Amino acid sequence: MELRTKEMITSMGLYSLLTMVVYQIALSQSGSSFDPRQIAAGLLWLAFLFTSMLGLNRSLVHEQDQGCLEALLLAPVDRPVIFFAKAIGNLVFLLIVEALTIPVFAFLFLQGGGYGGSFWMIPLVLTAGSIGIAGVGTLLATMSVNTKGKDFVLTVLMVPLMYPLLLAAVSATTAAVLGGDGSVEQFWAGMGGIAGYDAIMLLAAYALYEFVIGA
Amino acid sequence: MTEALTTDVALEVRDLSRTFGVRKALNKVDFDLPDGAFLSVFGPNGAGKTTLIKVLTTVTAPSKGTAKVCGLDVVQDAVGLREKIGLISHNPLLYPDLSAEENLQFFAEMYGISEAQDRVRELLVSVELDHRRMDLVRTFSRGMLQRLSIARALLHRPEVLFLDEPYSGLDPHAMDILDGLIAQIRSEHTFVMISHDLDKGLELCSHALILAKGKVVLFDAKENIEAEEFKATYRSTVGMGVA
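Chains as they are written, first to last, in the working numbering: chain A, 1 to 215; chain B, 1 to 243.
Just chain A, same shape as in the assembly (with noise of 0.2 Å):
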C-alpha cells in the first residue's frame, strides 16, 4: 500500500532531510574553532526521533480508516505477530529514510575533519538504534492511536521512553564520528546499552500488545 501512496516515505524522506537544513542554518555562525562533529551525532538521532514520530503517526492511518484495525484483530493470528509485522514495517520506512539522510548529514557535518571511525559502525548503530525506535514506537503509536490529539500523546509518551536510547545511541554515534583512542571502546559500551534497551522494550511491547490493542 505504501509502495503505491508513498505517503510515509515522502513525507518522512523531505521531514529529515530539511532538518539538516535547518541544522546547518542554526550552526552556520558558529565560527571556525567550532567542530560540528562534537554534536553531529546529537543532531542526527534528534531527527531520526522526530522523523520517526512522523511515520509511526502515520503508520496506523491505513488501518484506522475504514476500521481496517479490527479486520486485522478479527484474523486468526496472534496478537503479537501484528505487533511484529507493524514494527518491522516502521523499522524498514526509517532505515530507508536514514540512508537517505546519511549522505547529506556527511556532506553538511563531516566535512571539516572527516569521519574518524570505521565504516561499519555507522549502519550498526543506525539499525540498532531503530530497531527500538520502532518496536517501542509501534507500541505507544496503538496506544495513542484512538486518543485525541494522538500526535501529542506519543510525544509526551515517546519522549522520556526513549531518553535511555538516545543516550547510548549519541554515545556510540560520536565515538564512531570523531574516532581515535578508545573510541571503540565507547561505541561498545554505547552498543551494549542499545542491545539492552531494544530487549527489554521489544520484550515489554510483546507482552504489553494484546492488552494495548484490546483496550
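If a hint is listed, it holds; no wrong ones were tucked in.
Cut-off 35 Å, straight-line C-alpha distance, at most; resulting in silico cross-link-like pairs (DSBU-like, lysine-lysine):
hint: 1; chain 1: B; residue 1: Lys213; chain 2: A; residue 2: Lys150
hint: 2; chain 1: B; residue 1: Lys24; chain 2: B; residue 2: Lys84
hint: 3; chain 1: B; residue 1: Lys215; chain 2: A; residue 2: Lys150
hint: 4; chain 1: B; residue 1: Lys68; chain 2: A; residue 2: Lys148
hint: 5; chain 1: A; residue 1: Lys150; chain 2: B; residue 2: Lys24
Calculated directly from the structure, the hints in this document are not laboratory data. Every value quoted in this text rests on a predicted model; they were computed, and no experiment measured them.
Using the hints, position chain B against chain A.
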C-alpha cells in the same frame, strides 16, 4: 427454517461483563443461542450492543464472565475462534487504497486460505463485483463497499456471522441487494445482528434480545414474541420511540 438447524449451541454467554473505567458497558449478560439461529440485538445508543459484538468476536476482552462461540472460549481459544467467525460492520473494514481483489487477497492470506485466487474470484462473482475487481475500493459506492465487505467476511467460510448495523447508510436499492445476499447464505450460518430498525430486525430473526444499560432486558425465541408487545417493551425499557 431455523428449527431444523437448532441442534447445538452456537453462543453460550455467562455473566458477561465489560467495564470501561467505572462505566459498565456490559453487566452480567447471560443467554444461549442455538446453532443456525438468527439473533437480532436491539437497544438504544450506549446500551452495550457493539461492546457485546466486540467481546464475542475477540476484539475486546471481557472484564468478567465467560462467552463461548462455537464451543470456543473468547479468551482462551481466541485464535481458533476467529477462524469460525466473520464480521460485517457499518464500517467496511477494507483498505481504500487497494483494489477489491487486492483487499480480498490480503485477507485471504491473513486467514491462510488455500487456493485463495479461486475463492476470491468466486466471492467477487457472488457479490456482483467481479467487473470492478481491479478498481480501488475508495472509488466504490456505499452499497458496493457493503457487498465487498460481505465477501471479505465470508472468505474463510465462517460458521457465525456478526452484523453490526449492516444496513446503516444504505440506500433502498443497496438494502434490497443486502437482503438478497443474507437470504442466500441464511441457511449456512448462525447470525448475530445489531439493528436499530425493529421491523427489519424482527423480520429476519429467529431470536431477539434487547439490551439497555449493558443488561439483558429481554431475550426470547421469535415464536414466543408478539411484535407489538415486543415494541412496547422496547419503548418502555429504553424510553425511546420506535424508528
